[in-house]
Structures are given as C-alpha cells and as structure tokens.
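Colleague: Work the whole structure out from these sequences, hints included.
Chains A and B supply the protein sequences, listed in that same order.
Each residue of the first sequence is one higher than the one before, starting from 1 at the first, in the UniProt record's numbering.
Each residue of the second sequence is one higher than the one before, starting from 1 at the first, in the UniProt record's numbering.
Fair warning: there could be bad hints in the mix.
[Claimed, not checked] FRET-style restraints, in silico, Cβ to Cβ: (1) A:D32 with B:E432: 19 to 29 Å; (2) B:D435 with A:A84: 33 to 43 Å; (3) B:E267 with A:G333: 18 to 28 Å; (4) B:A66 with A:L162: 49 to 59 Å; (5) A:S415 with B:P342: 45 to 55 Å; (6) B:A275 with A:D410: 17 to 27 Å; (7) B:I492 with A:A314: 53 to 63 Å.
[Said to hold, decoys possible] Reference listing, derived: stretches of chain B covered by chain A, where coverage requires no fewer than 3 residues with Cβ under 8 Å from a Cβ of chain A: (8) 19-31; (9) 234-248; (10) 414-426.
Derived by calculation from the structure, the hints in this document are not laboratory data.
All residues carry an ideal CB built from backbone N, CA and C; glycine is no exception.
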Amino acid sequence: MIAPDLETRAARLNARYRNHAAVQVLRHALADPELGRVALVSSFGAESVVLLHMLSVAAPDTPVLFVDTRMLFPETLEYQRQIAAALPLTDIRVIRADDAALAEADPDGRLHQRDTDACCDLRKVVPLERALSGFDAWITGRKRFQGGERSGLDFFEPEPPLRLRVNPLAHWRPQDVAEYMEENALPRHPLVARGYPSIGCAPCTSAVKAGEDPRAGRWRGAEKTECGIHFIGGKPRPVAPLPAEPVSAPRPSAAPLPLRGAGPGPLSKDDEMTTAAPTAPARQPAAAAAGPAAAPADAPVLVRDDGFHPVDTAPDVALPPDSDPAALAPCLGASLVAVEFPAMTDGRGFTLARLLREQGFSGRIRATGALIADQYAMARRVGIDEVQIPAELARRQPQEQWLARADWQDWDHRSRLAG
Amino acid sequence: MFDAATDGRSYLRHRAAQFRAQVARRIDGSLTEDEFRPLRLMNGVYLQLHAYMLRVAIPYGTISPAQMRGLARIAERWDRGYGHFTTRQNIQFHWAALVDIPDMLDALADVGLHAIQTSGNTVRNVTTDAFAGAAADEIEDPRPWAELLRYWSTDHAEFQFLPRKFKIAISGGERDRAVIPAHDIGLRLRRQGREVGFEVWIGGGLGRTPLIGKVVRDFLPAADLLPYIESILAAYNLSGRRDNKYKARLKITVAERGLEVLREEIEAEFLRRKAVFSSGAPEALLDELRARFAAPRFRAPDDTGYEIALAANPSFRAWSDTNLSPHRQPGHASVTVTLKAPDMTPGDCTAAQMRLLADLAERHAYSDLRIAHDQNIVLPHVHRSELPALYAALRDAGLATANKGRITDIISCPGMDFCTLATARSIPIARELADYVRARDLEDDIGPFDLRISGCINACGHHHLGHVGILGLDRAGVENYQITLGGDGYEIPSIGERAGAGFPYDQVVPAIGRLIDAYLGLRDAPEERFIDALRRLGAAPFRAALYPEAADGKAAK
Ligand code: SF4
Ligand code: SF4
Numbered sequence: 001m002i003a004p005d006l007e008t009r010a011a012r013l014n015a016r017y018r019n020h021a022a023v024q025v026l027r028h029a030l031a032d033p034e035l036g037r038v039a040l041v042s043s044f045g046a047e048s049v050v051l052l053h054m055l056s057v058a059a060p061d062t063p064v065l066f067v068d069t070r071m072l073f074p075e076t077l078e079y080q081r082q083i084a085a086a087l088p089l090t091d092i093r094v095i096r097a098d099d100a101a102l103a104e105a106d107p108d109g110r111l112h113q114r115d116t117d118a119c120c121d122l123r124k125v126v127p128l129e130r131a132l133s134g135f136d137a138w139i140t141g142r143k144r145f146q147g148g149e150r151s152g153l154d155f156f157e158p159e160p161p162l163r164l165r166v167n168p169l170a171h172w173r174p175q176d177v178a179e180y181m182e183e184n185a186l187p188r189h190p191l192v193a194r195g196y197p198s199i200g201c202a203p204c205t206s207a208v209k210a211g212e213d214p215r216a217g218r219w220r221g222a223e224k225t226e227c228g229i230h231f232i233g234g235k236p237r238p239v240a241p242l243p244a245e246p247v248s249a250p251r252p253s254a255a256p257l258p259l260r261g262a263g264p265g266p267l268s269k270d271d272e273m274t275t276a277a278p279t280a281p282a283r284q285p286a287a288a289a290a291g292p293a294a295a296p297a298d299a300p301v302l303v304r305d306d307g308f309h310p311v312d313t314a315p316d317v318a319l320p321p322d323s324d325p326a327a328l329a330p331c332l333g334a335s336l337v338a339v340e341f342p343a344m345t346d347g348r349g350f351t352l353a354r355l356l357r358e359q360g361f362s363g364r365i366r367a368t369g370a371l372i373a374d375q376y377a378m379a380r381r382v383g384i385d386e387v388q389i390p391a392e393l394a395r396r397q398p399q400e401q402w403l404a405r406a407d408w409q410d411w412d413h414r415s416r417l418a419g
Numbered sequence: 001m002f003d004a005a006t007d008g009r010s011y012l013r014h015r016a017a018q019f020r021a022q023v024a025r026r027i028d029g030s031l032t033e034d035e036f037r038p039l040r041l042m043n044g045v046y047l048q049l050h051a052y053m054l055r056v057a058i059p060y061g062t063i064s065p066a067q068m069r070g071l072a073r074i075a076e077r078w079d080r081g082y083g084h085f086t087t088r089q090n091i092q093f094h095w096a097a098l099v100d101i102p103d104m105l106d107a108l109a110d111v112g113l114h115a116i117q118t119s120g121n122t123v124r125n126v127t128t129d130a131f132a133g134a135a136a137d138e139i140e141d142p143r144p145w146a147e148l149l150r151y152w153s154t155d156h157a158e159f160q161f162l163p164r165k166f167k168i169a170i171s172g173g174e175r176d177r178a179v180i181p182a183h184d185i186g187l188r189l190r191r192q193g194r195e196v197g198f199e200v201w202i203g204g205g206l207g208r209t210p211l212i213g214k215v216v217r218d219f220l221p222a223a224d225l226l227p228y229i230e231s232i233l234a235a236y237n238l239s240g241r242r243d244n245k246y247k248a249r250l251k252i253t254v255a256e257r258g259l260e261v262l263r264e265e266i267e268a269e270f271l272r273r274k275a276v277f278s279s280g281a282p283e284a285l286l287d288e289l290r291a292r293f294a295a296p297r298f299r300a301p302d303d304t305g306y307e308i309a310l311a312a313n314p315s316f317r318a319w320s321d322t323n324l325s326p327h328r329q330p331g332h333a334s335v336t337v338t339l340k341a342p343d344m345t346p347g348d349c350t351a352a353q354m355r356l357l358a359d360l361a362e363r364h365a366y367s368d369l370r371i372a373h374d375q376n377i378v379l380p381h382v383h384r385s386e387l388p389a390l391y392a393a394l395r396d397a398g399l400a401t402a403n404k405g406r407i408t409d410i411i412s413c414p415g416m417d418f419c420t421l422a423t424a425r426s427i428p429i430a431r432e433l434a435d436y437v438r439a440r441d442l443e444d445d446i447g448p449f450d451l452r453i454s455g456c457i458n459a460c461g462h463h464h465l466g467h468v469g470i471l472g473l474d475r476a477g478v479e480n481y482q483i484t485l486g487g488d489g490y491e492i493p494s495i496g497e498r499a500g501a502g503f504p505y506d507q508v509v510p511a512i513g514r515l516i517d518a519y520l521g522l523r524d525a526p527e528e529r530f531i532d533a534l535r536r537l538g539a540a541p542f543r544a545a546l547y548p549e550a551a552d553g554k555a556a557k
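Modeller: Written as structure tokens, this is what we have:
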C-alpha cells in the first residue's frame with residue numbers, strides 16, 4: 001500500500017535508509033513496497049554507468065529510461081549501445097519526442113538557439129513525463145557535490161503530486177564515482193577524456209577547462225543550469241531533516257557530521273586499500289580570508305607543554321620528509337632543527353626526529369607543517385620539543401586542546417620498554 | 001591486557017574518553033573530516049561508504065569467557081545480534097552509529113577489550129596461532145611475545161602514520177599456523193642450541209599484489225626483538241612509497257628496493273636502537289607475561305567414558321577424527337568449533353552462540369577460548385573425559401559440524417552480501433559449494449582441502465593461500481570468478497596460480513565439481529591430499545578438468 005502523503009513517505013524512507021550506502025539504498029528501495037513501481041532515468045552521460053551498473057547487479061529487470069533528444073553526441077549513442085550490451089539490463093526503453101510534435105515545434109532543429117527551455121521541454125521534459133506516468137518513483141544519479149539546486153539532496157525526495165525521486169548517490173563525492181568506476185572496470189564515456197565531465201545534448205554542451213566546475217560546460221553562457229526534467233512537479237524541495245541525536249549545537253561554520261553514517265556532509269569512504277594520505281586541509285585560504293585587518297592574528301604560533309607562544313628564533317636547518325636518513329650528521333651541530341610534516345598523515349618526520357635524537361642531537365627540534373593537537377603527544381615522545389602551527393589552526397584548536405595532550409609522558413608504553 | 005605494566009583497563013578507558021572527546025571536537029568543528037578520519041581509524045572505526053563499522057581486536061586470538069559475553073552484549077545492544085569474525089583475529093560489528101561508538105568502547109574496556117589500531121596506517125593487531133600454549137609441536141608459547149609487541153606498538157609515537165597498514169604475525173609451532181609469510185613482518189620462534197630466537201620474514205602480503213615474504217634474518221636472539229622490529233619499521237616509514245596507495249605496502253618497498261639494500265639499512269639502524277633498548281630490557285615484563293599465559297593446571301581424570309563414547313557413537317567419532325588437534329598434555333586435545341555448518345555464513349557468530357561457547361569453555365575447557373584465523377573458534381585445552389558432554393552440547397546447538405580442514409571448512413569474506421567494496425558474492429558461492437559436496441557425501445572422501453573465497457581483489461578471504469582459491473570479480477557488470485590453484489599458507493608457503501579464464505557465477509560450482517572428480521581419479525591413494533596430487537602432477541590435468549572444451553580443442557588439433 002502506498003501512503004498518499006508524499007512528504008511523510010519521503011521522510012519515512014529517508015529515516016529508514018539513513019544508515020545505508022548507495023548500493024543498499026538502491027537494493028532495498030527496489031524491494032520496498034512503500035516505493036511502488038520504480039524506473040531509472042539515465043542520460044548515459046559521464047557518470048551514468050555507476051547507477052546502471054549498480055542496478056544491473058541489484059535488479060537488472062528494472063526499467064531504464066533513456067531520453068534520446070535526437071540532439072545527443074554520436075559518442076553518447078555509441079556509448080549507450082556499448083553499455084547496453086555489456087550490462088545485463090533487460091528493460092532499457094528509449095524515450096523520444098514524437099515526430100509530429102517535433103515537426104510542429106522545432107521544424108528546423110534550431111529551437112535550442114532561440115529558446116533552450118522550450119527545446120528541453122519539447123525533447124526531454126514532456127516525453128519523460130509521459131514515460132514516467134506509470135511509475136511511482138524514479139531513480140536519478142544526482143549528487144550533492146554537483147552543487148546549486150542539488151546541494152541539499154536527500155536519498156528520497158517528494159515530487160508532487162504523486163511521485164518520489166530516489167537519489168542513491170546523493171552523498172557521493174567525485175572520488176567515490178571515480179573509484180567505483182575503477183574498481184568495477186566500467187567503460188568511460190569517450191567524451192570524458194576530451195574534456196567533457198558533464199554531457200548533455202551536443203549543441204548545448206561544451207568542454208570544461210581545468211579548474212572549472214564540471215557542469216560549467218552545460219548551457220554555457222546562459223543562466224540555465226538544469227534542463228527541467230529534475231523540476232518536473234516543481235522545484236526540488238528538500239525534506240525537513242529528521243531530528244538528529246541530541247548533541248551539542250554545531251558551530252555554524254562546522255561541516256555537518258554524519259552522526260549515524262548516512263548523514264550529510266563530506267564523507268570519506270574507507271576501504272581495505274585506501275587510507276592513503278588525504279591532502280592537507282587548505283588552511284591558508286581560511287587565514288587569508290580574515291583580511292589584512294587581522295594580519296597580526298595570522299602569525300603562526302609555537303606550541304609547548306605550557307601552551308601557546310609567539311614564534312621566536314628561526315631554525316638553522318629545515319629537514320624535509322625525504323631527507324636522507326644516512327646524512328643527518330651536518331644537522332647535529334645546529335641549535336634548532338625544523339622537521340617538516342607536509343600532511344598530518346605523513347609520519348616520516350617522527351622517524352627523522354627519533355634518528356636525530358639517537359645520533360646525539362641535543363638542540364631544539366621544532367615540528368612545522370600540518371600536525372594537529374591530537375598528534376602533539378606523538379611529537380613530544382619522539383623527541384620534538386615544540387610544534388609550530390598556523391594561526392587558523394590555533395583558532396580552530398585553541399590552547400586547551402593542545403594542553404590536553406601535554407600529558408604525553410603518561411601511557412608512553414615504548415618508553416617503559418626502551419628506558 | 002595492558003595490566004603488564006599498568007592497570008590495563010584504565011588505559012583502555014583513557015583511550016575511550018579520548019575518542020569521545022574527538023567525536024565531540026569533530027561535531028563542534030575543531031577537527032575537520034580529513035583530520036578526524038585517521039583518528040577514528042586508529043580507534044577501529046571504519047566507514048564503508050556511509051555506514052560505520054567497529055573492528056574489535058582479539059589480540060593473538062585469546063579471549064576469556066567473560067570477554068566473549070561482553071562481545072555478545074555489544075552485538076545485542078548496538079548491532080544486530082551477531083558479529084563477524086575475520087581472518088585476522090578481529091570481530092567486526094557493522095551498522096554501529098558513530099555517536100554510540102564511545103559507549104561501545106567503554107563497554108569493551110569493561111572486559112579488557114579494545115579496537116585500538118585495528119584500522120589505519122599503523123601496526124595492526126598482532127596475530128598468532130590459535131593453538132598457542134596447547135599445540136604438541138610448540139617451541140614456545142608465542143603469546144608473551146605477541147603481547148609484548150602489542151604493548152610496545154600501542155600508541156607508538158613514531159609509527160602511527162606509516163605509508164600503509166602494517167601487519168605482524170608470530171608463530172610458535174614447528175608447523176606455521178599463523179601464515180607468517182603473508183605478513184609485513186612474520187616471526188617464527190626458533191631454538192638454536194639453548195637460545196630462543198626468531199626467524200624474521202618481511203615483505204609478505206596478499207591483496208592486489210600477493211607476495212610471499214622473504215627471510216631477512218635467520219636467527220634473531222629473542223632479546224633483540226623490539227629494536228630489530230623498530231629498525232624495520234623506521235626503514236619502511238622513511239622509504240615506503242606514499243605517492244600511490246597500491247604501492248605503499250612494505251612488500252612493494254622490498255620488491256622495489258631489494259632485500260639486500262633494506263637489510264643493510266635495518267641492520268645499521270638496529271645497532272643504534274639496540275643501544276637504546278638495552279637500558280630497559282623487557283625481561284621482567286616478559287616473565288610477568290609468561291606467568292599470565294601459563295598453562296592451566298591440567299587435571300588427569302579417568303577417561304574411559306571417552307573410549308566408550310567413541311565406540312558407541314559414530315558421529316562423535318567422526319567429529320573427533322576431524323575436529324581435534326593433538327595437545328602437548330597427555331589426555332588432552334584442542335577442539336575446533338567450525339563456524340561453517342550448513343546454512344551458516346563463514347565467520348558469523350550470534351550472541352547466543354557466543355554465550356554458549358563461553359559457558360562451554362568454563363564447564364569443559366579450563367575457561368580458555370581462541371579465535372582462529374580460519375574463522376573458527378578453538379577450545380585449546382579439553383580433557384578427553386569432557387569431550388562426550390562437550391560434543392553433545394555443541395551438537396544440540398548446531399555447532400558440532402565435523403569438517404575442520406575439510407573442503408566445507410571454507411574461509412570466505414563477507415562479499416557482496418555485506419561488504420560495500422565487494423565486486424561479487426562470496427557467501428552464496430561458499431554455501432552452494434558446501435551443499436554440492438555434502439549432497440554427494442564427498443567430504444570425507446576428499447579429506448584435507450583448503451578452499452578460500454574473496455569477494456574482491458582486496459583478498460580478505462586470503463584466496464591466494466587456498467589449495468583452491470576463488471576470487472570474485474566484476475567484469476562489465478557481471479560476476480566473474482577466477483580460480484587459483486596450489487596456494488598454501490602452511491607447510492610450503494605459496495601463492496596460488498590462476499588456472500585460466502574466469503567463470504560466471506553459475507559455472508563455479510560445476511567447475512569445482514569437475515576439479516574434485518579429477519582429483520579423486522588422479523590421486524594415487526586415498527591418503528594423497530589434493531595439494532599433494534597437484535604438486536606431483538602439476539596443474540595441467542586439473543586445468544584440463546576445469547576447461548574441458550579447451551582440452552578437447554587441443555586434443556583435436
Ligand atoms: S539540452 Fe539543448 S538541445 Fe538538448 S533539449 Fe535542452 S536545449 Fe535542446
Ligand atoms: S575481499 Fe573485498 S569483498 Fe571481501 S571483505 Fe574484503 S573488501 Fe570486502
């Protein structure tokens with residue numbers, strides 16, 4: 001039985017699946033009687049193959065609606081055939097505007113030059129609406145990271161009057177898409193390699209330069225950002241989030257934390273093979289954003305066991321992480337050596353500091369770079385005396401958070417073994 | 001068990017409180033997601049796409065009945081009533097909520113368990129032989145050494161941010177039951193004259209690039225263990241690759257830089273570290289540890305009941321033949337309870353089963369329990385007089401499947417059914433294969449047979465080490481299974497070799513069926529195991545059985 005109240009259904013489904021990963025959202029959603037009849041709508045564009053593949057594993061007989069505007073790149077049509085042949089999907093339906101309507105509204109095929117909205121309406125929105133009329137819900141590949149209207153997406157979204165939209169990939173990040181394609185050896189859309197990260201109709205899609213938003217090539221030069229099919233039934237309205245666990249009020253600036261797994265916010269997926277160093281958080285721009293008036297507050301800070309200090313002397317030598325461990329002798333006479341940590345996950349500096357101490361270095365060792373408060377005890381235990389941190393980090397992790405780790409001599413198991 | 005030098009529980013509570021504070025600091029924005037991630041990983045909190053998983057260490061596989069009951073409580077309160085034992089002596093609880101994890105860590109600390117360093121690019125849970133302290137062929141109980149390593153590696157300041165994860169295994173028996181050649185560091189207890197020491201292997205590992213480790217030191221005096229291991233880690237920390245996660249394990253460093261180059265660096269650094277450690281040699285600590293792992297006071301009751309039961313009950317006899325291992329103490333045996341009954345998911349254990357095993361360990365087995373890397377549970381010390389009653393209790397609970405080391409004792413990762421990384425199903429393959437063999441009543445006829453399944457290239461099911469390994473892949477959206485032949489994690493460490501093209505899902509069981517038939521026809525005596533026949537004859541006849549069309553084609557030419 002399908003509940004009549006769309007918002008309630010969407011909220012209930014979001015609550016039910018908030019813990020789930022994309023694959024499970026898809027798999028369970030397809031079997032969930034509350035969803036009713038479901039179709040996947042796919043453009044066979046740059047990232048479509050992910051959902052198509054998931055669907056082919058979970059429920060290959062689900063209808064797949066492919067909107068052919070007859071303005072697509074030949075590469076897209078070829079790619080569509082390639083995927084249709086490779087994946088065991090059994091019900092791919094090609095949706096097109098009917099010939100009469102086309103002949104009437106766009107006889108010369110140039111409507112897109114005059115009125116893209118009318119063209120999209122004719123070639124996508126109307127045919128798709130017709131095709132979807134027999135379904136209670138449809139699956140889309142939209143993701144929050146695509147920004148704009150999409151940044152508040154939930155897994156389930158009401159589409160008045162009667163349909164639900166399911167967005168299994170809502171919380172995916174670009175790297176999740178890339179990893180999924182790589183891990184499952186999925187074929188890439190041939191245009192991606194030629195600079196089209198988002199692919200629509202040929203006349204309305206252009207390549208994107210490095211650094212541009214991936215969707216920047218869609219309707220370039222126009223206000224338009226969505227083709228309209230995602231507005232069927234009105235603009236998307238994110239469902240009011242269910243009350244989260246009572247936790248201390250988040251700071252407004254803080255990125256939201258996934259309290260129960262499927263929360264909002266940028267998540268980092270772990271797998272057996274990852275946990276490679278994430279790029280160091282970009283701290284400089286944040287500091288710079290404070291503006292010239294805050295300049296004195298932007299000076300870096302030195303942390304010692306008794307708290308924050310201004311940076312005093314400059315180091316005599318700086319040891320980058322790839323320093324040759326067999327060639328530390330020249331440093332041994334210095335009075336202050338800086339050991340650099342390019343990222344918090346790059347622990348080479350800990351060994352370099354230990355090697356300096358082992359070889360009898362008795363001067364001061366300063367850690368510079370990306371260490372955070374949680375690593376202060378580690379730094380102290382390997383023989384580092386002080387940690388230099390940027391002003392932004394000193395604000396975000398104030399003195400108390402560092403002092404909490406000034407107890408580094410407690411629980412130092414190794415020191416009990418090695419004296 | 002940090003109570004060697006301090007009160008262990010208070011350290012564990014300290015760590016749980018620290019993690020609670022980190023969660024709060026993540027919520028209030030003090031920690032960014034990128035900063036929080038390695039911190040939660042070093043506390044065993046994993047995120048697979050959008051669901052958290054807590055991985056709890058069972059250090060060196062030794063667990064007390066009280067701890068087992070603690071796991072049962074956690075499974076019921078915060079998970080779905082069961083846990084999954086992995087191939088690395090861990091138990092995983094899926095579907096944990098991040099806000100609950102500090103409470104789960106507290107509950108673990110209450111029974112002296114923890115999740116520290118079960119994830120992340122650091123020294124992981126040290127694994128060892130499930131039969132430690134009981135096996136008849138043991139040189140010395142490896143657990144005091146394993147515990148020493150754990151104590152040393154926990155929160156080791158220098159090695160929390162290595163290029164990749166780092167796994168150490170230690171084996172005490174003549175026969176290696178800890179798969180040491182498949183670890184970053186493998187330690188094998190050895191005796192030279194009267195001195196005890198280690199054969200040290202480095203650079204083994206499975207996963208994408210399976211490699212068997214190499215011996216870097218034939219004999220390391222036991223007292224030098226910590227400085228030597230630190231030297232290996234220091235060399236790896238500095239020279240392991242950080243530019244590519246697939247090339248970051250020590251095995252690649254060894255392969256790329258060469259064993260000799262690394263050995264020189266390790267030995268040079270060892271001399272310096274040895275000087276530091278000599279001031280605080282852990283002898284006193286080791287003595288404490290040895291006392292902690294001392295064998296129970298073995299009893300010697302009358303065991304005529306055992307002989308009578310053997311004669312009277314053929315299924316008890318069959319179970320005794322397969323699931324008992326020789327014990328160094330006369331009148332005793334070690335019992336393996338396989339979590340591989342028909343309809344069971346390899347490695348899954350319900351809260352009720354955990355409680356039952358805890359009770360049985362107290363009643364019949366000197367209160368000692370072990371988790372084995374092959375996802376089974378071991379009662380290491382059982383006097384024979386207890387066996388009939390123990391067997392009856394296990395049988396009533398459906399846990400007396402007589403298949404240890406048999407083809408149905410399949411090691412399998414969770415695969416597509418539970419793991420978000422999976423590219424194929426593994427559990428249904430395991431079940432269908434077991435059903436196939438059972439339906440034909442071939443289990444005993446085949447005898448010892450090591451079959452392993454992984455649901456993706458990450459190889460958590462250690463398929464490369466199975467006599468037969470099955471690796472589920474995804475070829476353009478279709479599950480496809482590669483079969484490897486000739487792996488061995490025990491006597492002659494070797495990585496299985498790919499037999500040929502992969503099979504679609506529904507062809508896997510028939511293919512293994514043909515392989516079994518070929519083996520049964522080719523062996524020269526019922527005692528010749530599959531692996532021995534394969535070594536004697538080479539892979540060709542078995543390949544021909546797997547790919548009959550290809551063989552016919554060749555014959556026709
Ligand atoms: S994307 Fe461009 S060509 Fe395609 S339907 Fe819309 S306006 Fe027309
Ligand atoms: S081998 Fe792959 S599928 Fe299996 S548990 Fe490991 S990561 Fe998951």
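Colleague: So does A66 (chain B) sit 49 to 59 Å from L162 (chain A), Cβ to Cβ?
Modeller: holds, 56 Å
Colleague: Taking 53 to 63 Å as the stated bounds, is the beta-carbon spacing between I492 (chain B) and A314 (chain A) within them?
Modeller: holds, 59 Å
Colleague: Confirm or reject the claim that E267 (chain B) and G333 (chain A) have a C-beta distance inside 18 to 28 Å.
Modeller: holds, 27 Å
Colleague: CB of D32 (chain A) to CB of E432 (chain B), is that within 19 to 29 Å?
Modeller: holds, 27 Å
Colleague: Holds or violated: the stretch 414-426 of chain B covered by chain A, criterion of 3 or more residues with Cβ-Cβ distance under 8 Å?
Modeller: holds (count 4)
Colleague: Can you confirm whether chain A covers the stretch 234-248 of chain B, using C-beta to C-beta distances below 8 Å and requiring at least three such residues?
Modeller: holds (count 8)
Colleague: Does the stretch 19-31 of chain B contain three or more residues whose Cβ lies closer than 8 Å to a Cβ of chain A?
Modeller: Since 10 is at least three, the answer is holds.
Colleague: Holds or violated: the 17 to 27 Å window for the beta-carbon distance between A275 (chain B) and D410 (chain A)?
Modeller: About 26 Å separates the Cβ atoms of A275 (chain B) and D410 (chain A), which means 17 to 27 Å holds.
Colleague: Has the hinted range 33 to 43 Å been met by the Cβ atoms of D435 (chain B) and A84 (chain A)?
Modeller: Given about 35 Å between the Cβ atoms, the range holds.
Colleague: For the range 45 to 55 Å, tell me whether the beta carbons of S415 (chain A) and P342 (chain B) fit it or not.
Modeller: holds, 52 Å
Comparing the model with each earlier hint shows no violations; every hint is respected.
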